[in-house]
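Engineer: Chains as they are written, first to last, in my numbering: chain E, 1 to 234; chain Z, 1 to 234.
Hints are computed from structural coordinates only; laboratory data are not their basis.
Take these hints with a grain of salt, some might be off.
What the hints assert, rightly or not - Here are the computed lysine-lysine pairs in the PhoX-like style, where the Cα-Cα straight-line distance is at most 20 Å:
1. Z:K81 <-> Z:K134
2. Z:K62 <-> Z:K134
3. E:K81 <-> E:K37
4. Z:K37 <-> Z:K51
5. Z:K81 <-> E:K62
6. E:K61 <-> E:K37
7. Z:K62 <-> E:K37
8. E:K51 <-> E:K62
9. Z:K51 <-> Z:K62
10. E:K51 <-> E:K61
11. Z:K62 <-> Z:K37
12. E:K61 <-> Z:K37
13. Z:K61 <-> E:K37
14. E:K37 <-> Z:K37
15. E:K19 <-> E:K51
Residues per chain are reported as follows:
Number of protein chains: 2
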Amino acid sequence: MEKTVYVRPTFTKLPSDKKERILDVAIDEFSRCGYDKASINRMVGRLGIAKGSIFQYFGSKKNLYFHIFEHAVALVKRSLKGVKAGSEGEDFFIRLAMSLQAGIYFIRRYPRIYQIYLKMLFQEDFPFRADLLKTIRLFSIDYLRPIIEEAVTAGQLREDLDPELAAFFLDAVLDRFLQAYCVAYMDSGLGLYQADEKVIEERIQDCIEMVRLGMATGDSPPGESAAKSMEHRA
Amino acid sequence: MEKTVYVRPTFTKLPSDKKERILDVAIDEFSRCGYDKASINRMVGRLGIAKGSIFQYFGSKKNLYFHIFEHAVALVKRSLKGVKAGSEGEDFFIRLAMSLQAGIYFIRRYPRIYQIYLKMLFQEDFPFRADLLKTIRLFSIDYLRPIIEEAVTAGQLREDLDPELAAFFLDAVLDRFLQAYCVAYMDSGLGLYQADEKVIEERIQDCIEMVRLGMATGDSPPGESAAKSMEHRA
DNA sequence: CCTTATGATGACCACCTGGTCATTTTATTG
DNA sequence: CAATAAAATGACCAGGTGGTCATCATAAGG
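Work out the full structure: start from the sequences and follow the hints.
Structural biologist: Below, the structure written as structure tokens:
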């Protein structure tokens, strides 16, 4: 997926402001409608250029989409690299919170990129969806796992923790957090949808705390609860 | 959404085997292609009936979809009711495991239903998606929350646990588990995709255990770790 | 200034979509 | 059996799609 070029020289030679305008409109269309319902006619209508030009630039709708996707992946990678470097040496749960916060920042800056990702997630019939997903899902494998393993050796996480399971688990929670932030009705009434900075920050802390400590009462394994008489509050 | 009828008497009067065949093909088409790409032409082709008949039965593509969706929601509700009743009185984490296991069973029995749900999840432009999602997302609100609250009063969960947060959290993990089971590349290398009963059962236990105990070492709150010298193994 | 190469254009193509409806077939009733 | 009601049919419609390409405009080079 890396080496392939989805763009023709005719497009490359274009003045960069025109290139940006074209990509901007295309990203907007794809993020709003998803791949299938996105319309080239509508794009060229908004751009005020001829339909043929788009095909001269990209060859096909698919190539246009892939070019944008590649661009998006590059942005994500850069963002992740930034957080990883910027949180080096910190406590694991701090790093986690920073990663989640960075996800929110990313979505705030590039709202339409995440939409494009979500819209293709479950369209299996999608051409090359497997490749695209593999590329994007490096998150949990390339990003989270090393951090987890470091934290285990640093004694911040249980010694017997299964890194793969932990990566899956965190990926689930973090991804859903982002989904809840930018898609309605995914927040189980937590009020995450398009929430402002303050709320997000609090909820991130709450979530991370839950990841840290789990849900069970402090003392009791599976069996009967011995915490009945513990009536301390606050 | 409950009272509305998406089906015309002409369809109701049909012999039930024909009705089932039609719904079966329609469910298949929708689950494979999603709403937009699903083709009425293809359905009637496979069914060997006239296109007009479908519109005589349902009036529109949307109605056909809604009828199926309603059917699906009923199935889910029934399944949930079953687990809830069948796990009454059990320990919270047992109930959790049973719920997740029931989700897997459900997907095994009705693989295409879950696909239909996934395919509409992030298509915001979808007509009435809000209503459909509200109906389906009752899971975390109507199903999980009462169970959580019971468990808090029973002393199985932290006293200071925020039920809304817990519901969100569990919904995230459980839903992702199901997604990983039936969609490729969502399992972060855990091997959940179309895994067999044995693997699933183990992984459910692992996940629930992680929900129970969290990830941190047993003793240390945020600050420095005091577990460095604890070199017990296994 | 003319020639040649390159880019922009939009009419046009085949194809497919959801939906309609006059017509025919089948079932019901007197 | 005839008359009527109900259901099945598929040709047909308008509208949209991604994609093509002959034609025209512009730029480059001699």
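Engineer: Just to be careful, I want the Cα atoms of K81 of chain Z and K134 of chain Z compared with a cutoff of 20 Å; is the pair within it?
Structural biologist: Judged against 20 Å, a Cα distance of about 18 Å means the pair holds.
Engineer: Could you grab the alpha-carbon distance between K51 of chain Z and K62 of chain Z and see if it respects the 20 Å cut-off?
Structural biologist: holds (15 Å)
Engineer: Quickly compare the C-alpha distance for K81 of chain Z and K62 of chain E to 20 Å and report which way the hint goes.
Structural biologist: The hint is violated at about 44 Å.
Engineer: Is the Cα-Cα distance between K62 of chain Z and K134 of chain Z 20 Å or less?
Structural biologist: Distance of about 18 Å is within 20 Å: holds.
Engineer: Assess, step by step, whether the Cα of K62 of chain Z is no farther than 20 Å from the Cα of K37 of chain E, and give holds or violated.
Structural biologist: holds (16 Å)
Engineer: Hey, K61 of chain Z versus K37 of chain E, does the alpha-carbon distance stay inside 20 Å?
Structural biologist: holds (17 Å)
Engineer: Are K51 of chain E and K61 of chain E close enough, with their CA atoms no more than 20 Å apart?
Structural biologist: Holds: K51 of chain E and K61 of chain E sit about 11 Å apart, inside 20 Å.
Engineer: Just to be careful, I want the Cα atoms of K37 of chain E and K37 of chain Z compared with a cutoff of 20 Å; is the pair within it?
Structural biologist: holds (9 Å)
Engineer: Holds or violated: K81 of chain E and K37 of chain E, Cα atoms, limit 20 Å.
Structural biologist: violated (33 Å)
Engineer: Holds or violated: K61 of chain E with K37 of chain E, Cα cutoff 20 Å?
Structural biologist: holds (11 Å)
Engineer: Just to be careful, I want the Cα atoms of K61 of chain E and K37 of chain Z compared with a cutoff of 20 Å; is the pair within it?
Structural biologist: holds (17 Å)
Engineer: Check whether the Cα positions of K19 of chain E and K51 of chain E lie no farther apart than 20 Å.
Structural biologist: holds (15 Å)
Of the hints listed earlier, those the structure fails to meet are numbers 3 and 5, in rising order.
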